[in-house]
Amino acid sequence: MNKQIQTKEDIKSRILRHISAIWGVKNTDSLDPLVRMLIEALSGEMQKTNQEIIEFEKRILEKISFVMTPSLLSAPHCAHGIMHAAPTETTQYITPATSFIIKKKSLEQDAGIDLFFTPCSKTRLINGSVKYIITANSVFEYDMNMQKSVLSNHIENTSEKYKIWIGLQIDKVQTLSFYFDFLNNEDKNFSLLAIKNAEWKVSDNVLNVEGGYEPDHGRKPIQNIFEGNDPMYMIEKEVSNFYAKQFVTISFPEELRTKSLFPPIFDEYFSKSETSIFKEDLVWISINTQVPLDEKLLNTFFVSINSFPVLNRSQKESILRFKGISNLIPIRTENFEYFLSVKDIKDSDGREFKQIAFSDQENIQKGTYSIRKGGTEKMDPRSAKEYLNNLVELVRDEYATFSGFGQDTVGTLLKDLDKILVQITQRIKQNKNFNSDITSYVSLDTMEHSESVFLNYWTTNGPHANGLFAGSKFKLTKGSEINKDSMVLLSKTLGGKKDLEPSRHIEAFKYAMLTHDRLITAEDLKAFCFYELGEKIDKVEIQKTYVTSDNIKEGLVKCVEIILTKKNEKSPTSDLEWNGLLSEVQAKMELRSALNMRLKLTVKQH
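Count the sequence shown with the numbering used here and you get residues 18 to 623, in order.
Fair warning: there could be bad hints in the mix.
Stated by the list, open to error - Heads up, simulated DSSO-like pairs for lysine-lysine below, C-alpha to C-alpha not over 27 angstroms straight-line:
| id | residue 1 | residue 2 |
| --- | --- | --- |
| 1 | Lys527 | Lys436 |
| 2 | Lys65 | Lys29 |
| 3 | Lys390 | Lys515 |
Said to hold, decoys possible - Pairwise CB distance ranges (calculated):
| id | residue 1 | residue 2 | range |
| --- | --- | --- | --- |
| 4 | Asp366 | Asp204 | 50 to 60 angstroms |
| 5 | Ile554 | Arg53 | 19 to 29 angstroms |
| 6 | Thr317 | Thr590 | 23 to 33 angstroms |
| 7 | Ser268 | Thr292 | 38 to 48 angstroms |
| 8 | Leu314 | Gln622 | 44 to 54 angstroms |
| 9 | Asn596 | Asn352 | 23 to 33 angstroms |
| 10 | Val84 | Thr45 | 31 to 41 angstroms |
| 11 | Arg53 | Glu594 | 47 to 57 angstroms |
| 12 | Arg349 | Ser88 | 13 to 23 angstroms |
| 13 | Thr317 | Ser268 | 20 to 30 angstroms |
| 14 | Glu271 | Ser591 | 20 to 30 angstroms |
Derived from the structure by calculation, the hints contain no laboratory data.
These figures come from a predicted structure and were not determined experimentally.
Just so it is clear, CB atoms sit at the ideal spot from N, CA and C, and this is done for glycine as well.
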């Protein structure tokens, strides 16, 4: 038997051909009815056996890939977005320990789901804001909720059509990060590059501009090789790289922070009645894009300070008294939560444990820990649910056999059992809050005199945190250092995923063995695409082409185009969702790529 045997009819026709050859029977329809019945039964059993062998091989491969796949590739992923917040003081630093909360409505839970978001890295907030944006033909004003409204429309001045003016309410600041976007525009990469490569000026003085946001000087360097493989570290790196193209950081010397109602050049193309709308002294920055941008596109231009990437994650703490009975600590998660990463582990004396890949019982190192994913307990909640489903199916399949005994007592018991099974089935179907996350464990090798252990770890809501719209209002979980009306989401949240399904571990294992998380060859790129989008694509094609350079002083540059062929899904992914997926996958590719060429992802129908 092999994979060529697909159906019962294939097996039956093959047996009949062999019978014809061995017995010399030319017309198999003339065979004895008993022989034909035996062939029919044998064909069915052989087909079942063959299918079971194929399923068994698949389960074995999935189990091996589950064990061998690095946790970095199988871990869940945080949803992420851009958030705005303003401090109540002149300057305020927020860190990943600063937590924001929002309640999301859910069909699966009447009370909704509490979603926690924290900054991707340490961020400096200042007491200031963007007050006005002025393009060649419009004046826009911002309110506290970061909503933009049109104050005035004026006749376009052709000499200023390449410029955008920003009016800032700020005091003392040396460096300042700007977040910018073109709202509701799918193809905005060229426009983002134009802003990023533009000439930024204050009072005709050119400012020093760097791509990306203000660096996190408080981040600790990697202390050992395993910290670089921590899922949380890699997620922070990926999200930072994803949004870097929408941030610029400028140096702001003190002598350039001069304020005025408006720049003198405004008198040339504004009337006095129009300039009367400017009622306070501001710092005015001009952005010369050096390339013309479409009028409709400029009307969607959005810029903000005090903006930063946020991740859907929540820091949990567990305190345990270690009695030496077992060195395994279970990490429990709530409904709609997935374990993400261990932040740190300390004992009662403040000594910190270090992570290692695994615990070797013969050479135990004190003060170390390793993480295990399931497999320790005899039965976890997900296995219990599967066992209940199997029990219901088994008893109902064999119900006729048991009832064949005919005794009244057995019949009555079977009826009672059937009622219980109906109740179990209803409970299983109604249990929508069932947590499918496999329990993770920390294997701990304690130090001497360690009485208590303090475990800090991250959890995420994965896909449940996707789809929060721009404009959603957040609250600070504790403290009052942030203005309560300023905590607003500026972009739709995306990227949240639960941990890999068992069938997806095969693709992740193949990618890990082939690339070691570095993209060099065409096969590496294909393996990464199937790892990221395996449930949505059928085929990946790689070809070389040319695209316009990011540098406006250059022309065409070499590019690797990656063409993805969609699967025929029952619930097709929308074009808007595909744009988000492709942008995220491309950012991850660029982070891992060793190719000295641009990457471009496109998608086509099957």
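key: Supplied distance hint 47 to 57 angstroms, evaluated on CB atoms of Arg53 and Glu594   = At roughly 54 angstroms between Cβ atoms, Glu594 and Arg53 fall inside 47 to 57 angstroms, so the hint holds.
query = Is the Cα-Cα distance between Lys390 and Lys515 27 angstroms or less?
reply = Cα-Cα ~14 angstroms, so holds.
Verdict for Val84, Thr45 (Cβ pair) under range 31 to 41 angstroms = Given a distance of about 49 angstroms, which is not inside 31 to 41 angstroms, the answer is violated.
Outcome for the supplied range 13 to 23 angstroms, where the beta carbon pair is Arg349 and Ser88 = Once the Cβ atoms are compared, 18 angstroms apart, the range 13 to 23 angstroms for Ser88 and Arg349 holds.
ask   = Is 23 to 33 angstroms a correct range for the gap between the Cβ atoms of Asn596 and Asn352?
value = Once the Cβ atoms are compared, 31 angstroms apart, the range 23 to 33 angstroms for Asn352 and Asn596 holds.
ask   = If you check the beta carbons of Ser268 and Thr292, does the distance land in 38 to 48 angstroms?
value = violated, 30 angstroms
request  = Starting from Lys527, check that the Cα of Lys436 is at most 27 angstroms away, please.
outcome  = violated, 47 angstroms
task = Starting from the hint 20 to 30 angstroms, judge whether the C-beta atoms of Glu271 and Ser591 obey it.
result = This hint is violated: roughly 49 angstroms between Cβ atoms.
query = Do the beta carbons of Thr317 and Ser268 sit within 20 to 30 angstroms of each other?
reply = holds, 28 angstroms
request  = For Asp366 and Asp204, compare the CB-CB distance with the range 50 to 60 angstroms and indicate the outcome.
outcome  = Holds: the Cβ-Cβ distance is about 57 angstroms, inside 50 to 60 angstroms.
ask   = Is the distance from the Cβ of Thr317 to the Cβ of Thr590 consistent with 23 to 33 angstroms?
value = At 24 angstroms between Cβs, range holds.
request  = Verify the proposed pairing of Lys65 with Lys29, using a straight-line Cα cut of 27 angstroms.
outcome  = holds, 13 angstroms
Going down the numbered hints, you'll see the structure goes against 1, 5, 7, 8, 10 and 14, while the others check out.
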